[in-house]
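Visitor: Sequence:
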Amino acid sequence: MRIIYFDICAIVLSAAVLIFLLTKHYTKGRTNRLILILAVLFLSAGLMDVFDSLFGTYVEQSPSNAGIQLFSNTLFFILRHATTPAYILFLFSFMGIWHKLKIRKVNLILFALPFMVIFISVIANVFTKSIFYIDENGVYHRGVHMSIIYASALVYLFCVIYVLIKYRKTVRLSEYIMLCGFVPLNLTAIIMQRIHIEMRLEILALSLTLFLIATVVQRPEDTIDASVGTLSQHAFFKDMYKSYNVQRPMNAIFIKIRNHRALRSNLGPEIYNMVLRRAGEKLMQMGRIINIYEDVYYNGRGVFTIITDGDKYDHTVDLGRLVVAYLQESFTLSNLEIKLNTVVCFAQLPDDIGTYNSLINFMGSFHRTVPDVDHLIILSEILSSKDYRMKSDVDDIIKRGISGNKFQMYYQPIYSVKQKKFVSAEALIRLFDDEYGFVSPAIFIPAAEASGAIHDIGDFVLEDVCRFIHSPEFTGSGLEYIEINLSVTQCIEPKLVEKIRGLISKYQVKTSQVNLEITETAVDYDPVITDNNIFSLWNMGFKFSLDDYGTGYSNIKRVVSLPLDIIKFDKSFVDEMDDPKMWIAIVNTVNMLKRMNKKILVEGVEDERTLERFVELGCDYIQGFYFSKPLSENDFIEFVNTRNSGKAS
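Numbering (the numbering used here), first residue to last: 5 to 653.
Don't read these hints as lab results, they were simulated from the structure.
Take the hints with a grain of salt, since some may be wrong.
Stated by the list, open to error - Calculated cross-link-like contacts (lysine to any residue; reagent style SDA-like; alpha-carbon spacing at most 20 Å):
#1 K390 to Y414
#2 K503 to R471
#3 K316 to M288
#4 K403 to L344
#5 K499 to G456
#6 K603 to E484
#7 K410 to D438
Model, not experiment: these values are computed from the prediction.
Please put together the full structure from these sequences, using the hints given.
Guide: If you want it as structure tokens, here you go:
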């Protein structure tokens, strides 16, 4: 009589894992699907073993029942011995070495050979009875060639051991211990069941392995992003680390939703997550449309990544173009029309991005390093361009700029309409790198804000401008003040006031000689700290300008409450002044600010017609290429001295 309690425990464990995976929809990705297949195999084998055991125990054994027992045992053998190769496939997927199976067809043949031996032997056994047989009384007996089954199974067991030893470094120690548990558990169960045929231990050993894998090694909550439904950022980092370790050839499609912050802010977290889930579901469907296997990850902050096998180059490029076409179309969700602003880039890994660390860096910056176009970007086609290399190396460029004193201050003159002369200038930082030459602030400022280097750059600006104001050249020029931009991060520095106080004391600069510029973004970023810094500096005698007025979402109440002396109209006002509706807005804005006793500076004036229109409107200051581009310190002093003396028109 067979002891079926072990089989029942195995069925419970396998069923629990299967139900958990299905109800939580943890079926994304090759590895998770292989766990699902293992659960089905273990559950089916356990059920078949219990059926056979119960049939032989509670149904009277007789020749008439021999056919049923032969069928159930045959199916059990096939299911049981499919579990080990399935486990090896799981190892190949989990350890990032799936591509090793595809290098040569002979590998696949050799891998399938032991199971084919088992399968053919078990099917032939119906006629030969050499593996097992049911006697005339319906009693089960092992055949003379049962050793073929065990030998073939041992081949797979040795394969498991080989893979675990060879690719040990692709997984963490805790994972490795759990994965290795498959070997001793199976060997012990096989030996015990060989000695005591009535103890059905093999399926229980397998189910214990499955349970440990599902709960400890491949934890679904770590591999699936619950809010989006794709594989998670944690799974991406883990899979890519293993893949780079074994130099797995891959194709990657990187998708950045550029307007993800605006979507989240305007739609709210709940609908925003619905947008991401819809996008994720569509990306997962696209692979099936063009018959390609893909893993889709959500990496947070509006970034999706699709990974395919390295031998699917053409299919993946087609998939990328399909993704671009889909993302360009708006769609309706909760009665709202949604439009995603995206950039999509295709790369071959590790050819285009050579190391794991380089990949992580690329993930955080590809939306600014690759061109903003409406078609699929092939990374290999732009890798050699100076613009891409500059944007990719921008962090190192900034470090070289700081350590090598490569930053310089330039000054764009500001013309006073009332005084009819140049009274000040805006200080603008420039970076000249030995390798790349001029590096635009539009490139290095956002990167510096992201890396934290903006603090060092801001300190340089404050000190160098104070040095310039203290110089005899500035004193003799008749200039009243210099405008200094404060970044968002500077506005929330706890020691900003002490830092500026120390600099004006060091260089003997009057507070009236410095006008501090802040942006609408800075005003609303952290109101408490920003207000404390602004009012403390204002009480010391500094004046403030609001830069780029009209480009953000102005909180009029906040703007009115701050001690702002000058409001600077962004160049977009100038560019659109011929639009009748925009001109109405400009006129009314000027009137409103004038009644609030604010002075108005217009940026981006490039021709005489524009100058005359804004002068007639009553604006106080003009800045732009009509008068001068930003100039180096010496050129600026020469310009002011020449123009203010009336020597040049």
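Visitor: It remains to establish, for every hint, whether it holds in the given structure.
Guide: Do the hints match the structure? See the list:
no., hint, result
1, K390 to Y414, "violated, 24 Å"
2, K503 to R471, "holds, 14 Å"
3, K316 to M288, "holds, 16 Å"
4, K403 to L344, "violated, 34 Å"
5, K499 to G456, "holds, 16 Å"
6, K603 to E484, "holds, 15 Å"
7, K410 to D438, "holds, 9 Å"
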